[in-house]
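There are 2 protein chains.
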Amino acid sequence: MSKQEMVVLGQDGVGGCCPALLTAPLDEDQAADLAKVFKALGDPVRLRLLSMIASRAGGEVCVCDLTPAFALSQPTISHHLKLLKQAGLIDSERRGTWVYYRLLPQMTDRLAAILTRPAGQPPTEKTPAGAAS
Amino acid sequence: MSKQEMVVLGQDGVGGCCPALLTAPLDEDQAADLAKVFKALGDPVRLRLLSMIASRAGGEVCVCDLTPAFALSQPTISHHLKLLKQAGLIDSERRGTWVYYRLLPQMTDRLAAILTRPAGQPPTEKTPAGAAS
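Which chain is which? The protein sequence lines are A and B, in order. Each residue of the first sequence is one higher than the one before, counting from 1 in UniProt numbering. Each residue of the second sequence is one higher than the one before, counting from 1 in UniProt numbering.
Hints are computed from structural coordinates only; laboratory data are not their basis. Incorrect hints may appear among the rest.
Since copy identity is lost for identical chains, a pair holds within one copy or between any two.
Unchecked claim - Here are the simulated lysine-lysine pairs, DSS-like style, with alpha carbons at most 25 Å apart:
no., residue 1, residue 2
1, LYS39, LYS85
2, LYS36, LYS85
3, LYS39, LYS82
Please model the entire structure based on the sequences and the hints provided.
Here it is in structure tokens:
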């Protein structure tokens, strides 16, 4: 139900997929939206949580299995998970006592696409802008 | 000369390329190093700067052509560029009065690889961990 908390990426850009980070200047709105996702990834604890969730066989992880890996309180872990969820990187579902988290691969796929140089793009060389390609 | 300011990514991981964000839990050191790069991307001004640099025909941009696009002072722009450079995302060269910036595509390539699901990885489904695949 909360998969659409981050819906702005992918509205316009290359192939209707993603903002074109490497092929055209981002506009202010695109940059603001994209920055939120990268900011969510810009923390070691959140990266470790995301990798634990993404790599778990079965595709989801109980918060009760995440917390013991960190020397942090459950509320702190929950806060980090909330930020990942708000960024559209993971989703959660409460079942009984526990909350279970899973990757939303659409978002990591989009980020990967944004960071991938388009096929045929020449390597970055110091050639004059007006030089024949 | 400063291309190696961020040298830690890619030391261990899938195929000797990258930390395996989506396929195995990151360890603390990997997460700390990777978080620095994502944190550098987690700002709208820096994302716009990176996209302007990466998409520039000729592969490099004079700082004098970057600053006018922002309602920010030259020192503020220079600070953001410094953070992108420290993260290993861009490099710079002073020629005469001006500093010229260019993308270091090795780092964006690495990030794209880190965020790309390995071929053959099943989509994230809510199947029990022990279920037959």
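How the hints compare with the structure:
no. : hint             : verdict
1   : LYS39 with LYS85 : both (12 Å within a copy, 17 Å between copies)
2   : LYS36 with LYS85 : both (11 Å within a copy, 20 Å between copies)
3   : LYS39 with LYS82 : both (13 Å within a copy, 18 Å between copies)
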